[in-house]
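Enquirer: Below are the chains, spelled out letter by letter.
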Amino acid sequence: MSGYFLEIGQALVALALAPGLVGFVRWWKARLQGRRGAPPLLPYYDLRKLFLKEVIISNNASWLFRFTPYLVFSSTLAVTLLIPLVAAPLPFDRIGDLLLVVYLLLLGTFFLALAGLDPGTAFGGMGASREMTVAAIAEPTIALSIFGLALGAGSTNLGRIVEQTLAHPGAAISPGHLLGFAALFIVMLAETGRLPVDNPSTHLELTMIHEAMTLEYSGRYLALIEWAAGLRLLIFFSLLVNMFTPWGVATSLTPAALGLAVIVLISKLAALGLLVALLETRIAKLRLFRVPELLAVSFVLALLAVTSSFLLR
Amino acid sequence: MLTLFIVTVSAYVLGMLAALFSGRSAIGRGLVAAGAAVGSIAGLALGVVVITSGIPFALASTRFLPLTGVALRLDGMGAFFLVVVGLVGCAASIYGFGYSAQYAGRYSLRTLGVMLNLLLLTLTFQVMADNALTFLVLWEAMSLTAYWLVVTEHDQRGTVRAGVWYLAMTHAGFAALIAMFLLLSSTDLTTSFASMRAGSALLSPAARNAVFLLALFGFGAKSGIIPLHVWLPMAHPVAPSHVSAILSGVVIKMGIYGLLRILLDIMGGGPAWWGGVVLGAGAVSALLGVLYALMEHDLKRLLAYHSVENIGIILMGMGAGLIFHSYGLMTLAALGFISGLYHTINHASFKGLLFLGAGSVLHATRTRNMEEMGGLIKIMPWTALFFLVGAAAISALPPLNGFASEWLVFQSLLGGSNIPTPEVAIVMPIAVGMLALTSGLAAACFVKAFGITFLAIPRSPEAEHAHESPRPMLAGMALLALACIALGLAPFVVVPALGRVLVGLGGLPDTHAVFSFNLYLVTPSNFAIMSPTLVALGLLAVLGLVPLVMLLFRANWRLRVGDSWGCGRVGQTPRMEYTATAFAEPLRRVFAELYRPTKELSIDFHPDSKYFVQSIEYRSEITPWFEKALYGPLLWFIRLSAATVRRMQSGSVHMYLVYVTVALLILLLIARWS
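Top line first, the protein sequences correspond to chains X and E. Going by our numbering, the letters in the first sequence line up with residues 1 to 313, in that order. Going by our numbering, the letters in the second sequence line up with residues 1 to 674, in that order.
Among these hints, one or two may not hold up.
[Said to hold, decoys possible] Just the calculated beta-carbon pair ranges, DEER-fashion: (1) E:Pro422 <-> X:Arg36: 53 to 63 Å; (2) E:Ala104 <-> X:Asn59: 35 to 45 Å; (3) E:Val549 <-> X:Ala38: 36 to 46 Å; (4) X:Thr281 <-> E:Tyr631: 52 to 62 Å; (5) X:Ala256 <-> E:Trp557: 37 to 47 Å; (6) E:Pro422 <-> X:Ala257: 51 to 61 Å.
For the record, the hints were derived by calculation from the structure and aren't laboratory data. We put the beta carbon where it would ideally sit given N, CA and C, even for glycine.
Work out the full structure, taking the sequences as your base and the hints as a guide.
Expert: Structure below.
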């Protein structure tokens with residue numbers, strides 16, 4: 001029974017951490033660029049402000065536009081119930097595996113792209129078109145990375161993958177694992193709208209993907225979508241850190257172990273956030289039509305990862 | 001079972017009679033639809049009874065059948081396909097009652113009604129055929145009735161051409177099937193499938209390989225496997241929409257049925273390379289199918305290309321099954337075949353639904369061109385909702401049925417790690433990548449299809465003055481939408497049932513220990529566990545909780561409606577919207593190597609200054625280069641032979657008499673000396 005409470009607690013932890021993670025990456029980035037930067041807690045104030053503002057929607061928009069924020073938020077939140085953030089394996093592990101996680105996130109993307117088209121503006125359509133292009137060509141890499149992880153662990157269920165890596169620590173530095181990490185890292189940048197694929201801090205039509213889709217949203221709808229975007233970043237970060245370096249994930253449900261697990265999770269996320277911030281200060285955004293090349297690189301890395309796990313078995 | 005069978009047949013026959021005698025009146029149309037619907041439901045019930053009881057239904061008691069060379073027997077696999085026929089047939093015929101009203105006075109409702117019922121009747125018998133002769137005769141009957149239905153709107157541009165392509169391709173396939181059956185039955189076509197099964201083991205490996213290749217060609221031409229798919233995107237869109245639903249949902253699945261029947265049931269599986277070829281053909285069809293669908297802006301053609309894609313996905317599951325089968329990994333093989341069959345019924349339901357939805361749009365706007373649509377979600381809310389369900393299902397979004405079966409296909413490919421030889425096993429990750437790319441592109445394509453068709457502002461006066469479809473059409477779509485949801489939520493019923501269907505075929509074991517009646521979907525050796533039912537429940541719970549929590553924390557609930565932000569410009573027109581072409585443009589660039597787009601741009605400048613543009617004309621097309629490369633020489637050869645033969649056809653009776661005499665003499669001489 002305590003497992004179920006822990007599951008819900010874990011989702012609440014994710015909800016609470018997500019805006020902070022976004023703010024933290026932004027803050028690090030500002031510091032690295034020599035700016036003072038907004039406080040890391042700014043996204044929390046933003047969310048509060050947005051929830052208290054009224055909503056203005058386009059007169060062309062249909063019910064789909066008003067339904068999408070709820071669906072995007074809920075499907076992303078549902079994912080946090082399925083992935084091992086602080087403890088593994090949890091009871092909900094049987095409900096879904098890594099493939100389900102990927103397709104639940106795709107569900108959100110699908111509806112967000114439709115909502116981008118709904119107000120009938122060119123920006124929204126542009127964002128929807130680009131987002132779906134990136135999502136479609138990122139998909140094979142994700143599937144192959146899953147394949148690579150599943151080969152090592154003998155399962156696509158996340159709890160089992162974490163357990164297996166904990167039991168065989170040597171696997172974490174096998175070529176398959178390292179290549180898979182690199183592949184998934186590139187895809188993470190694409191899927192969460194970070195540089196060099198998308199620029200999360202601009203509203204320039206030439207560069208934006210995600211922001212263009214959500215341009216017509218305001219008030220509580222925008223709050224839900226921003227929060228979901230933060231959750232998405234947190235989900236990909238925790239997949240990367242907990243699948244490939246699962247140390248610190250609690251395997252027993254004692255308060256001490258769980259407390260430690262939360263602290264370890266936060267520090268792992270912070271470390272990855274620093275890495276992303278560092279990367280974002282060092283590289284420029286790619287031209288949209290160069291993005292497929294980057295994703296092709298990640299695909300090849302993932303393919304090599306799977307091949308090497310086949311040959312080194 | 002006999003009662004259900006008699007009800008099925010007589011309902012279809014009554015439907016045909018009703019069409020013959022009063023096809024034109026509304027009552028007649030109602031009777032035609034009722035006959036087809038009742039027949040479909042009875043057929044579906046018969047299929048379910050055979051699957052659940054596990055007892056095949058044979059028509060041996062009737063005395064005259066053996067004399068005619070006809071043999072009918074319905075086993076589990078046939079019953080499964082009968083369920084598919086019943087599901088789509090029922091929805092399509094109810095829909096057809098409303099849809100065919102527009103044909104009154106324009107096209108022959110009599111032919112349409114007779115042929116629709118006849119097609120469903122032949123499909124029913126097709127899955128029961130128990131010897132080669134019966135199978136072939138029904139196969140030809142199915143192709144011909146389908147042809148009649150395709151050319152219903154015979155005066156529209158492209159219809160007759162599409163019909164000719166369909167006839168030519170399906171007959172090329174038919175020839176291959178005759179050759180295949182002659183090989184299998186050692187030239188006696190009335191040999192029953194049971195004795196063929198026994199005899200197939202005695203065939204030489206070369207003969208077995210020939211049977212495999214002929215089956216793949218013959219059934220592939222029916223299913224639209226690339227490169228035999230050229231007729232499909234021509235023929236399916238021009239048919240009446242409820243017929244398109246049956247053609248794409250059911251008729252092309254007969255190719256899958258045939259492949260399973262021959263390769264798995266009669267031949268009992270084969271070497272690994274058979275599976276590899278099927279898997280490869282499936283992967284290529286899936287990927288190219290969806291890539292061509294992306295560039296298509298004719299709503300029904302887009303859906304037709306997606307049929308090619310989904311046949312590819314089904315074949316990927318089956319190919320994986322065949323490979324595992326050849327290595328004796330029977331549980332994994334069962335998983336592969338189950339995933340293929342599951343995707344078969346799922347594709348039947350969502351593609352049927354999407355074609356019906358496209359038909360409603362066509363009915364309301366009189367156009368299939370997506371660039372002239374838009375804003376229909378407000379005018380046709382129900383059609384839009386049903387189409388959205390279909391679009392989400394075909395994009396494999398959880399918790400709908402497309403996800404459940406694609407998850408199983410993924411899992412059976414992941415099982416490739418159990419294959420002992422690495423050089424074969426290494427094929428699997430590539431297939432996984434192709435399947436993932438396919439499903440991602442399918443999602444992109446359906447964002448386009450739904451978004452451009454139903455959302456934003458109407459792009460033409462026709463779309464502005466559209467209307468919601470009449471009730472029977474909505475009912476047909478609602479039925480299939482419910483099927484999409486139910487099949488997605490209840491894999492714990494479907495998967496064990498499919499396991500039962502496959503037991504014993506090609507030595508597949510009883511898998512009820514693995515695929516049990518369990519809320520969780522479990523793959524062999526607990527490789528993966530998932531429960532779409534609980535996912536759906538969880539999603540609904542969270543979806544309900546979020547607004548509640550927002551209320552609790554006093555979020556602002558005020559809502560104001562205003563104009564879209566137009567960068568300062570007042571008044572938004574449809575011309576400012578994103579178009580389907582623009583939506584697909586990034587992907588067209590990414591895959592430019594495949595599409596080889598041609599571009600023509602001509603700009604008329606103002607005579608005084610080139611800074612003022614008077615008009616811009618832009619034309620861009622994609623080149624189906626590999627179809628040209630493949631069918632170009634073939635068509636050239638056929639034309640050349642036709643021209644040669646034409647010289648003999650002088651039209652003069654004297655000449656024909658000479659031909660007859662000469663031919664007779666030659667034959668007699670041959671008979672004398674041989």
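Enquirer: If a hint holds in the structure, say so; if it doesn't, say that too.
Expert: Hints versus structure:
For the pair proline 422 of chain E and arginine 36 of chain X, the beta carbons lie near 56 Å from each other, so the given range of 53 to 63 Å is met. Here the CB-CB span from alanine 104 of chain E to asparagine 59 of chain X is close to 39 Å, well matched to the stated 35 to 45 Å. For the hinted restraint 36 to 46 Å between valine 549 of chain E and alanine 38 of chain X, the CB-CB distance of approximately 27 Å leaves it violated. Between threonine 281 of chain X and tyrosine 631 of chain E the CB atoms are about 55 Å apart, so this pair conforms to the stated range of 52 to 62 Å.
Between alanine 256 of chain X and tryptophan 557 of chain E the Cβ separation comes to about 43 Å, which falls inside the hinted range of 37 to 47 Å. A C-beta distance of roughly 40 Å is found between proline 422 of chain E and alanine 257 of chain X, which places it outside the suggested range of 51 to 61 Å.
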